[in-house]
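Please build the complete structure, drawing on both the sequences and the hints.
Heads up: the sequence lines are chains A and B, in that order.
To convert a position in the first sequence, counted from 1, into the working numbering, add 8.
To convert a position in the second sequence, counted from 1, into the working numbering, add 8.
Since the hints were made in silico from the structure, they are not lab data.
Among the clues, some could well be false.
Copies of the same chain look alike in the list, so a pair counts if it works inside one copy or between any two.
Think about it this way: if two alpha-carbon atoms lie no more than 16 Å apart in a straight line, the pair counts; the simulated EDC-like pairs of lysine to aspartate or glutamate are [to be verified]:
1) 353 <-> 307
2) 146 <-> 160
3) 270 <-> 282
4) 167 <-> 183
Now for the letters of each chain:
Number of protein chains: 2
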Amino acid sequence: MNRILKAGILAGAASCAIGGTVVAQGSAQGSDDELRQTAAAVFGPVPDKVDEVRGNKLSVAQVELGKLLFFEPRLSRSHVISCNTCHNVGTGGADNVPTSIGHGWQKGPRNSPTVLNAVFNAAQFWDGRAADLAEQAKGPVQAGVEMNNTPDRVVETLKSMPEYVEHFRAAFPKDADPVSFDNMALAIEAFEATLVTPGARFDRYIAGDDEALDAQEKRGLGLFIDSGCVSCHNGSNFGGQAYFPFGVIEKPGAAILPSGDKGRFAVTQTASDEYVFRAAPLRNVELTAPYFHSGQVWDLEQAVSIMGNAQLGRELQAEEAKAIAAFLRTLTGRQPAVEYPILPKSSATTPKPE
Amino acid sequence: MNRILKAGILAGAASCAIGGTVVAQGSAQGSDDELRQTAAAVFGPVPDKVDEVRGNKLSVAQVELGKLLFFEPRLSRSHVISCNTCHNVGTGGADNVPTSIGHGWQKGPRNSPTVLNAVFNAAQFWDGRAADLAEQAKGPVQAGVEMNNTPDRVVETLKSMPEYVEHFRAAFPKDADPVSFDNMALAIEAFEATLVTPGARFDRYIAGDDEALDAQEKRGLGLFIDSGCVSCHNGSNFGGQAYFPFGVIEKPGAAILPSGDKGRFAVTQTASDEYVFRAAPLRNVELTAPYFHSGQVWDLEQAVSIMGNAQLGRELQAEEAKAIAAFLRTLTGRQPAVEYPILPKSSATTPKPE
Numbered sequence: 009m010n011r012i013l014k015a016g017i018l019a020g021a022a023s024c025a026i027g028g029t030v031v032a033q034g035s036a037q038g039s040d041d042e043l044r045q046t047a048a049a050v051f052g053p054v055p056d057k058v059d060e061v062r063g064n065k066l067s068v069a070q071v072e073l074g075k076l077l078f079f080e081p082r083l084s085r086s087h088v089i090s091c092n093t094c095h096n097v098g099t100g101g102a103d104n105v106p107t108s109i110g111h112g113w114q115k116g117p118r119n120s121p122t123v124l125n126a127v128f129n130a131a132q133f134w135d136g137r138a139a140d141l142a143e144q145a146k147g148p149v150q151a152g153v154e155m156n157n158t159p160d161r162v163v164e165t166l167k168s169m170p171e172y173v174e175h176f177r178a179a180f181p182k183d184a185d186p187v188s189f190d191n192m193a194l195a196i197e198a199f200e201a202t203l204v205t206p207g208a209r210f211d212r213y214i215a216g217d218d219e220a221l222d223a224q225e226k227r228g229l230g231l232f233i234d235s236g237c238v239s240c241h242n243g244s245n246f247g248g249q250a251y252f253p254f255g256v257i258e259k260p261g262a263a264i265l266p267s268g269d270k271g272r273f274a275v276t277q278t279a280s281d282e283y284v285f286r287a288a289p290l291r292n293v294e295l296t297a298p299y300f301h302s303g304q305v306w307d308l309e310q311a312v313s314i315m316g317n318a319q320l321g322r323e324l325q326a327e328e329a330k331a332i333a334a335f336l337r338t339l340t341g342r343q344p345a346v347e348y349p350i351l352p353k354s355s356a357t358t359p360k361p362e
Numbered sequence: 009m010n011r012i013l014k015a016g017i018l019a020g021a022a023s024c025a026i027g028g029t030v031v032a033q034g035s036a037q038g039s040d041d042e043l044r045q046t047a048a049a050v051f052g053p054v055p056d057k058v059d060e061v062r063g064n065k066l067s068v069a070q071v072e073l074g075k076l077l078f079f080e081p082r083l084s085r086s087h088v089i090s091c092n093t094c095h096n097v098g099t100g101g102a103d104n105v106p107t108s109i110g111h112g113w114q115k116g117p118r119n120s121p122t123v124l125n126a127v128f129n130a131a132q133f134w135d136g137r138a139a140d141l142a143e144q145a146k147g148p149v150q151a152g153v154e155m156n157n158t159p160d161r162v163v164e165t166l167k168s169m170p171e172y173v174e175h176f177r178a179a180f181p182k183d184a185d186p187v188s189f190d191n192m193a194l195a196i197e198a199f200e201a202t203l204v205t206p207g208a209r210f211d212r213y214i215a216g217d218d219e220a221l222d223a224q225e226k227r228g229l230g231l232f233i234d235s236g237c238v239s240c241h242n243g244s245n246f247g248g249q250a251y252f253p254f255g256v257i258e259k260p261g262a263a264i265l266p267s268g269d270k271g272r273f274a275v276t277q278t279a280s281d282e283y284v285f286r287a288a289p290l291r292n293v294e295l296t297a298p299y300f301h302s303g304q305v306w307d308l309e310q311a312v313s314i315m316g317n318a319q320l321g322r323e324l325q326a327e328e329a330k331a332i333a334a335f336l337r338t339l340t341g342r343q344p345a346v347e348y349p350i351l352p353k354s355s356a357t358t359p360k361p362e
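Listed below in structure tokens is the structure:
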């Protein structure tokens, strides 16, 4: 079967939105051109810049405010944890530990997803319980095991600092009361939307640079498509678009798929959503170990093999897993250049850390 | 008595090294010129740049490596805590909590001193137990209540990442085995030496800009000198040069001076060093609350009043404490512009977080 058609069918079967770009191609099967065209059709590059979210143009003032807030430890009750603690822009947008450490050194239930390119995901969190990054941003701030704060206390904190009040006014000029928990979240989303990683070798390849991938990487790309990985991991973020059971064919062991975490079932209370998770976006995946929602697998080749068994019912040969992993490493893009923000100073009325 | 002579005598009495710049002046007592000249003589500005430490020229490669290491959470056993966690360059070079939170959410015994301008201090830590920033950098990495790591494990971690090995080679080209715990510390010191804050209003004032301070701030500066604060807080960092008992005249209460922490006594085992601490450097002090080694005082005016009683035996009037605090706020300089570093990626042999 023509590779592009096959990819299209797979994507369609899995109900993935890939923008209707799947088209039949006439080029010879297995040729470089065909592979590139298929890849361009089902994946697509990371754009250089994101200018709007949900149709709203992002303003410089919103992005600047969002950057302050993203690095702001006073959003947490302890004044020690910021968004960047678990979504570290210097380490692939994640924290590279199995599950994040939060307030009181509590360990969260799931591995921290990368913030890089997260704006391209259809929904946020491993179970997609937040529709967008703004909704997502409100979660960890309030979670007892993460920042353990409350919206009221956050707003009180931000209002206590004249510099923040000014920033909120500039970012939300039409609002009568701009310093709000909702606007905090919108500003964080605006900054996070700038954390995209264009220029990956894969993106150069689909743009026409045949030398950008070597033979093993191209073989890995072909395997990624032909084996069916593409069914769930597609679109410009190689995932993040839809939900799938972890263990379509065969459930992984309890270390990797702990029975207590039923994934999207907690969101929908629908039996068919037991152990269903959002397909992990794979951009920069070489930087975001350990893998899976449980964060129990450190090796990318091993993660690929586990997925072969669990999702495709296929024992990948070592050489195949290696080629796919090599291909996945070509998804690492230019990491964001972020100047560390100088944060507003506390005032006498700023709530103290607890 | 002429203010400059008085400041000189006070400084001399307290055995402070101020570079022999105290000279008698002929200008009229109380005049702006005299105040400025005295201030310039006993304090001095923060330089725009530090190029060398202990006579060693800092190389770009050392500073760059040091920046990576300063933001490197894998120096900690948990892979969650970096130097920047407690010496946050976005919040005055400190963490703004009473005492720092470290491994396992343990609270350290003392307030985190600012890293900004720390290169100008005669020794590091509240008790001066580290001769310089390189020696200092080794402490928190190993402290059980901070990063809880070991030199061997740190070196193993750094050697596991080819990018780090390259950086160490470039930074220490003459070393046969450049990736070492000592070189880690030297590189961190090199980066920290760049974290200086020139351009404070006070510095503009002593450079001749009479408008840089208002009347209250000038009154505060005069009080700071005439009341004797200058005896301990002098030099370009307004402290950090010598050791003094906390409570020369009257010991503060146990909340502020806990009896269990005998300060420099732990370093020298000398009875006269009980409750002796390094005079806190006061640059950017408005950004580094809470105050004192115990971190129990949040209000700068209150901290000034406590010092008046404890060190000078003088009940400062509210207006005086306010003027001194207003003056101290003129010591805030340009905060460092630091681009967040993209850290080397872990390899299969990188030790896992614990």
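Evaluation of the provided hints:
no.	hint	in the structure
1	353 <-> 307	between (42 Å within a copy, 13 Å between copies)
2	146 <-> 160	within (12 Å within a copy, 40 Å between copies)
3	270 <-> 282	within (5 Å within a copy, 58 Å between copies)
4	167 <-> 183	within (15 Å within a copy, 53 Å between copies)
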